[in-house]
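Protein chains in written order, with our numbering: chain Z, 1 to 482; chain F, 1 to 502.
All clues stand as given, with none of them false.
Result set (DSS-like, lysine-lysine): computed pairs, CA atoms no more than 27 angstroms apart in a straight line:
| no. | chain 1 | residue 1 | chain 2 | residue 2 |
| --- | --- | --- | --- | --- |
| 1 | F | LYS30 | Z | LYS367 |
| 2 | F | LYS25 | Z | LYS367 |
| 3 | F | LYS458 | F | LYS111 |
Counterexamples of contact, computed for chain F against chain Z with all Cβ distances above 12 angstroms:
| no. | residue |
| --- | --- |
| 4 | MET60 |
| 5 | THR421 |
| 6 | LEU431 |
| 7 | GLY440 |
| 8 | ILE442 |
| 9 | TYR474 |
Distance ranges between label pairs, derived from CB positions:
| no. | chain 1 | residue 1 | chain 2 | residue 2 | range |
| --- | --- | --- | --- | --- | --- |
| 10 | F | GLN65 | Z | TYR175 | 54 to 62 angstroms |
| 11 | Z | VAL289 | F | ASP304 | 32 to 40 angstroms |
| 12 | F | SER51 | Z | PHE366 | 40 to 48 angstroms |
Keep in mind that the hints were calculated from the coordinates and are not lab data.
For every residue, glycine included, the Cβ atom is placed at its ideal position computed from N, Cα and C.
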Amino acid sequence: MQVSAALLIQQLLPDIVLSLFGIAILLADSFVPKQRKHVLGVLSIVGIVATMACTINLVGEYGTYFSGMVVVDTFGIFFRLVFLVIAGLVILASFSYLDQQKLQLSEYYALILFATVGMNMMVASTQLIMIFLGLETLSVSSYVLLGIRRTDLKSNESALKYFLLGSFSSAFLLYGIALAYGATRSSDIQVIFRAIETRSADLRLLHVALGLLLVGLGFKVSAVPFHVWTPDVYEGAPSPVSGFMSAGPKAASFAVMLRLLFVALPAIQSKWVLLVGVSALLTMTIGNVVALVQSNIKRMLAYSSIAHAGYILVAVASATDSGITAVLFYTLAYALMNIGAFTVVSLIGKEDERNIHIEDYAGLGFKQPLLAASLSVFLLSLAGIPLTAGFAGKFFIFRAALESRLLWLTIFGVLNSALSVYYYLRVIVTMYMEEPMADFSPVAVPTSLRLALGIAVFGTLQMGIYPGLLMTFLGSSLFSMR
Amino acid sequence: MENSILTVVTFLPALGALLLLFGGKKSGHKSRALALAFSLMTFLTSLLLISKFNSATAGMQFEQQIPWIPSFGITYHVGIDGISLFLVLLTTCLTPLAILSSWNSIDSRVKEYYFFMLLLETGMIGVFVALDFFLFYVFWEVMLVPMYFIIGVWGGPQRIYAAVKFFIYTMVGSVLMLVAILSLYFLCGGTTFDYSAILTGLKNQHFILTSTQQFWLFLAFFLAFAIKVPLFPLHTWLPDAHVEAPTAGSVLLAGVLLKMGTYGIIRFCMPLFPDAATELTPFVCTLAVIGIIYGALVAMVQPDLKKLVAYSSVSHLGLVVLGLFAMNLQGVEGAIYQMLNHGISTGALFLVVGMIYERRHTRMIADFGGLASPLPVFSAIFMIVTLSSIGLPAMNGFVGEFLIFLGSYQANRTYTILAATGVVLSAVYMLWMFQRVIFGEIRSEKNRVLVDLTLREKVILVPIVVLIFWMGVYSQSFLRKMDSSVTQVLNDMQSTAVVLRK
Numbered sequence: 001m002q003v004s005a006a007l008l009i010q011q012l013l014p015d016i017v018l019s020l021f022g023i024a025i026l027l028a029d030s031f032v033p034k035q036r037k038h039v040l041g042v043l044s045i046v047g048i049v050a051t052m053a054c055t056i057n058l059v060g061e062y063g064t065y066f067s068g069m070v071v072v073d074t075f076g077i078f079f080r081l082v083f084l085v086i087a088g089l090v091i092l093a094s095f096s097y098l099d100q101q102k103l104q105l106s107e108y109y110a111l112i113l114f115a116t117v118g119m120n121m122m123v124a125s126t127q128l129i130m131i132f133l134g135l136e137t138l139s140v141s142s143y144v145l146l147g148i149r150r151t152d153l154k155s156n157e158s159a160l161k162y163f164l165l166g167s168f169s170s171a172f173l174l175y176g177i178a179l180a181y182g183a184t185r186s187s188d189i190q191v192i193f194r195a196i197e198t199r200s201a202d203l204r205l206l207h208v209a210l211g212l213l214l215v216g217l218g219f220k221v222s223a224v225p226f227h228v229w230t231p232d233v234y235e236g237a238p239s240p241v242s243g244f245m246s247a248g249p250k251a252a253s254f255a256v257m258l259r260l261l262f263v264a265l266p267a268i269q270s271k272w273v274l275l276v277g278v279s280a281l282l283t284m285t286i287g288n289v290v291a292l293v294q295s296n297i298k299r300m301l302a303y304s305s306i307a308h309a310g311y312i313l314v315a316v317a318s319a320t321d322s323g324i325t326a327v328l329f330y331t332l333a334y335a336l337m338n339i340g341a342f343t344v345v346s347l348i349g350k351e352d353e354r355n356i357h358i359e360d361y362a363g364l365g366f367k368q369p370l371l372a373a374s375l376s377v378f379l380l381s382l383a384g385i386p387l388t389a390g391f392a393g394k395f396f397i398f399r400a401a402l403e404s405r406l407l408w409l410t411i412f413g414v415l416n417s418a419l420s421v422y423y424y425l426r427v428i429v430t431m432y433m434e435e436p437m438a439d440f441s442p443v444a445v446p447t448s449l450r451l452a453l454g455i456a457v458f459g460t461l462q463m464g465i466y467p468g469l470l471m472t473f474l475g476s477s478l479f480s481m482r
Numbered sequence: 001m002e003n004s005i006l007t008v009v010t011f012l013p014a015l016g017a018l019l020l021l022f023g024g025k026k027s028g029h030k031s032r033a034l035a036l037a038f039s040l041m042t043f044l045t046s047l048l049l050i051s052k053f054n055s056a057t058a059g060m061q062f063e064q065q066i067p068w069i070p071s072f073g074i075t076y077h078v079g080i081d082g083i084s085l086f087l088v089l090l091t092t093c094l095t096p097l098a099i100l101s102s103w104n105s106i107d108s109r110v111k112e113y114y115f116f117m118l119l120l121e122t123g124m125i126g127v128f129v130a131l132d133f134f135l136f137y138v139f140w141e142v143m144l145v146p147m148y149f150i151i152g153v154w155g156g157p158q159r160i161y162a163a164v165k166f167f168i169y170t171m172v173g174s175v176l177m178l179v180a181i182l183s184l185y186f187l188c189g190g191t192t193f194d195y196s197a198i199l200t201g202l203k204n205q206h207f208i209l210t211s212t213q214q215f216w217l218f219l220a221f222f223l224a225f226a227i228k229v230p231l232f233p234l235h236t237w238l239p240d241a242h243v244e245a246p247t248a249g250s251v252l253l254a255g256v257l258l259k260m261g262t263y264g265i266i267r268f269c270m271p272l273f274p275d276a277a278t279e280l281t282p283f284v285c286t287l288a289v290i291g292i293i294y295g296a297l298v299a300m301v302q303p304d305l306k307k308l309v310a311y312s313s314v315s316h317l318g319l320v321v322l323g324l325f326a327m328n329l330q331g332v333e334g335a336i337y338q339m340l341n342h343g344i345s346t347g348a349l350f351l352v353v354g355m356i357y358e359r360r361h362t363r364m365i366a367d368f369g370g371l372a373s374p375l376p377v378f379s380a381i382f383m384i385v386t387l388s389s390i391g392l393p394a395m396n397g398f399v400g401e402f403l404i405f406l407g408s409y410q411a412n413r414t415y416t417i418l419a420a421t422g423v424v425l426s427a428v429y430m431l432w433m434f435q436r437v438i439f440g441e442i443r444s445e446k447n448r449v450l451v452d453l454t455l456r457e458k459v460i461l462v463p464i465v466v467l468i469f470w471m472g473v474y475s476q477s478f479l480r481k482m483d484s485s486v487t488q489v490l491n492d493m494q495s496t497a498v499v500l501r502k
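Build out the structure end to end from the sequences listed, making use of the hints.
Written out as structure tokens, the structure is:
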């Protein structure tokens with residue numbers, strides 16, 4: 001097939017634009033005086049909006065380019081938009097955070113853009129090698145982002161831990177890719193599928209590859225038993241970056257997992273459904289139970305993010321189209337509510353992230369109504385109370401699970417959801433029902449943060465009150481995935 | 001217009017809530033006035049329902065159906081029949097009274113308080129009018145949030161414990177109901193969450209639920225409802241929540257929220273899973289009878305007025321459940337009537353207790369005594385309310401209890417006889433409490449100088465007294481509107497059950 005250069009560029013335009021903005025920020029850094037680094041943040045927002053425009057332009061396109069290295073489909077485009085929303089919200093939340101922590105570093109913005117490019121690459125290819133490259137682009141950027149509070153011990157610990165365990169998991173993933181190649185003579189998801197179809201694949205080797213790939217991806221989505229790094233990393237990371245990490249890389253890894261399991265390996269479904277199902281059960285339960293006893297809000301949100309990975313795994317285990325739709329819906333819902341929560345956390349933290357314990361939120365309800373009300377919306381959504389995105393998402397997940405007759409998983413899922421209410425409510429209790437501390441001083445809420453909170457609250461409620469809109473779009477993204 | 005009355009009634013309070021929250025800074029009095037105005041408007045609109053209600057129709061009226069999430073067959077479907085009509089009216093009638101009752105007692109964070117009150121009203125009405133399982137679940141759960149805040153922020157010393165307990169208890173029950181709703185959806189073709197459609201499908205044998213499926217679905221629904229009712233032994237959240245909530249919160253908890261449980265049983269459990277309901281009747285009735293007697297005995301020994309009323313609710317609601325599971329016209333109709341009676345009488349009791357608490361800042365029975373001479377009007381109304389709660393003839397409680405016993409005697413004598421002791425006990429604890437509070441010597445000097453009811457308080461209580469006598473003397477004006485709908489539910493049960501026995 002002859003493809004014109006202009007067309008090729010159009011397909012790659014989002015990534016090109018985003019990378020160019022990243023590079024431009026790094027270069028511009030030398031010319032921007034220290035007290036005006038905000039300009040670079042604004043520049044990165046412009047970059048994200050421009051990329052979003054290019055990406056939306058691709059909606060409806062379908063094709064494979066660069067001898068199968070780049071795939072454009074609605075599935076990928078949806079995820080790219082999710083990543084851009086995530087990056088945009090995180091950057092908006094970071095303006096005031098960087099001020100507060102006296103971290104005027106322009107690399108910060110550039111690294112978020114590069115990480116986003118990495119995530120985009122992960123969902124815009126069916127080549128496992130390309131996916132791996134995207135993952136590494138993402139990972140390297142995030143290692144730096146996690147440790148960007150250079151003088152803080154916890155931030156260093158966070159970066160180092162993620163670096164070590166991340167490399168470890170990458171190795172698993174790579175080994176899995178190698179074995180998959182050995183079993184099917186290809187590292188392309190489509191070709192692997194055909195190899196299994198035509199019975200030319202070595203199935204035993206492929207089972208081992210499946211295991212290794214699931215381990216690697218399990219690390220990234222922090223599924224039990226590969227979740228141990230999560231609380232330490234999220235606790236030490238700068239709060240907006242914790243929000244980024246809990247939403248972005250997870251969503252990207254779930255996208256890869258979906259492509260791998262649903263496109264390449266549906267034939268050996270019986271092998272992975274139980275694996276994923278059991279992991280989902282453990283992930284939900286351990287995440288929720290341990291979150292119950294956390295007093296540090298970042299650690300609590302970290303365990304909650306483990307639990308939410310468990311819910312998403314329930315949808316993956318359902319192994320149906322409604323399962324895929326539920327995963328897509330939930331990743332966006334989760335991104336909005338969780339980044340929203342971390343946005344509030346990052347502002348309340350103040351200098352050196354002093355106030356990151358739940359008791360620091362005492363009395364916030366009536367002293368800072370805007371922050372407290374938004375945080376309540378996010379927490380109620382995380383808890384799965386109706387009319388929020390979290391409830392709609394869980395509803396779709398459990399519907400998909402029941403459709404596949406996974407009654408046991410559904411019952412454990414809803415019970416977990418009820419359990420989780422306790423620790424989310426605890427924060428609301430503290431904010432609204434306890435007296436503020438003696439030395440309580442309100443924080444100003446800057447415009448950028450208001451904007452981020454506004455978008456997140458609007459999205460959370462919109463997806464909760466009228467989920468039909470997004471569901472219709474998601475229904476169409478399924479058919480283009482295969 | 002006709003078919004959107006229900007939507008207006010449901011969302012008018014929510015509109016008021018939003019106006020309160022985003023309408024800029026307001027003084028306390030403005031917020032109170034706005035909330036009262038919206039709740040009164042809702043009440044007046046809901047009167048339209050009763051005037052246009054057609055008693056001859058058994059099915060749903062004022063129906064409105066709009067697609068909501070079309071790909072899953074979820075619609076916004078509301079409607080009422082003779083069963084839900086009065087529960088909606090009960091809600092719209094009690095809310096303005098509750099708002100008036102907190103006029104002076106809530107003086108901090110007034111705006112937020114009324115915001116949650118109005119939101120709560122929307123949630124409560126929504127539960128009674130929803131005819132789509134998804135919609136019903138949404139209202140059922142969302143309603144928790146404002147109640148949780150009302151208890152937790154404006155409640156008594158143990159308010160946080162009570163609020164969290166209330167929330168978690170209800171949540172655990174209702175998530176299993178969600179699983180049951182989803183299962184029912186898949187068992188009935190997996191195309192619609194519409195209540196009427198599923199019920200019709202079951203009646204016409206389009207879908208058949210085996211008795212095992214019925215059993216589990218019934219249990220999952222029933223657990224959620226039994227927690228709300230609350231049925232013994234799931235009642236432990238109730239004394240905490242009632243005692244800690246501010247007066248208006250207790251009024252709505254007892255007056256309306258508990259009815260959501262019994263309403264759920266008659267709307268969902270009985271017509272959809274009749275075989276399971278019949279099979280489990282002995283089990284449910286045993287729990288109900290235990291609740292009746294246990295609640296009464298515990299109420300008897302309470303030193304705290306509010307706790308006493310709270311436990312009396314456990315007892316009274318047991319009686320309602322007994323009436324429902326008699327599964328005949330008298331029993332079920334009596335149960336529905338008793339739901340309304342309990343809403344009015346117990347709501348009034350909480351209001352009265354709240355009024356005396358505002359004056360003395362104590363609810364301990366031992367602190368009172370001899371209130372009859374300083375507070376003659378108060379005492380008279382208190383007496384009427386007490387007697388109505390006991391079920392004295394010519395008052396509302398008598399009609400309900402009589403019908404329930406009439407119905408349940410035909411179904412099972414033993415339970416009826418045991419349950420009747422609950423009525424005797426209720427006379428004991430209520431009258432004893434009344435005697436200790438109102439009659440006797442004035443033991444505390446503070447009680448001597450108390451001021452009798454103010455105009456505002458009379459405005460709250462007089463409509464209730466009127467209702468008490470109206471419902472007691474001319475019950476036909478209410479029962480007439482229920483007849484055909486209740487008969488319909490019982491027929492539905494018969495037809496579905498007979499279908500299954502073939």
